[in-house]
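**Student:** Sequence:
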Amino acid sequence: MGNQLTHINEKGEARMVDVGEKQVTRREASAQAVVCMQPETLKMICDGTMPKGDVFACARIAGIMAAKKTSDLIPMCHPIPIEKVEIDIAPVDETHVRIISTARCSHKTGIEMEALTAASVAALTIYDMCKAVDRGMVIEEVMLLRKSGGKSGIYERK
2 MGNQLTHINE KGEARMVDVG EKQVTRREAS AQAVVCMQPE TLKMICDGTM
52 PKGDVFACAR IAGIMAAKKT SDLIPMCHPI PIEKVEIDIA PVDETHVRII
102 STARCSHKTG IEMEALTAAS VAALTIYDMC KAVDRGMVIE EVMLLRKSGG
152 KSGIYERK
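Quick note on numbering: the sequence shown equals residues 2 to 159 in this note's numbering.
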């Protein structure tokens, strides 16, 4: 792992990285978030009885919308032409829902932040839609799972 922080100049000030000389490559990243909740909450989601409506459908849409707004939310992110955002949401047991977002672009700089933002906002949307019945939900395990493209090549979480 390199020790150089690319978003800090020689004076220690925050800066946006100049990507002008970088090559355009196809880039793809997958990220996840996990939402932990009461079994009754997950049952309501799966049964379609949550008062605010279809939780997973709303979370998928929110995740896609968030990916497209990443550069508005994260100060040093470049706006990039996103080609694909896919959000998969599924229960993994009676108390946990796993969100996996996958994003793709052909550009000079990453797509990791867009995938992470999508998974995070999808998880926050699940919380928002279910908080009336379960304020104790926890969002956890937000992480990059895989990324490809660019000079640094492939990263895969072990």
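One or more hints might be untrue.
[What the hints assert, rightly or not] Here are the simulated lysine-lysine pairs, PhoX-like style, with alpha carbons at most 25 Å apart: (1) Lys-109 - Lys-69; (2) Lys-109 - Lys-23; (3) Lys-132 - Lys-159.
In case anyone wonders, no lab produced these hints; they're calculated from the structure.
**Student:** All hints are to be evaluated individually against the structure, with a verdict given for each.
**Tutor:** Going through the hints against the structure:
1. Lys-109 - Lys-69: holds (17 Å)
2. Lys-109 - Lys-23: holds (6 Å)
3. Lys-132 - Lys-159: violated (33 Å)
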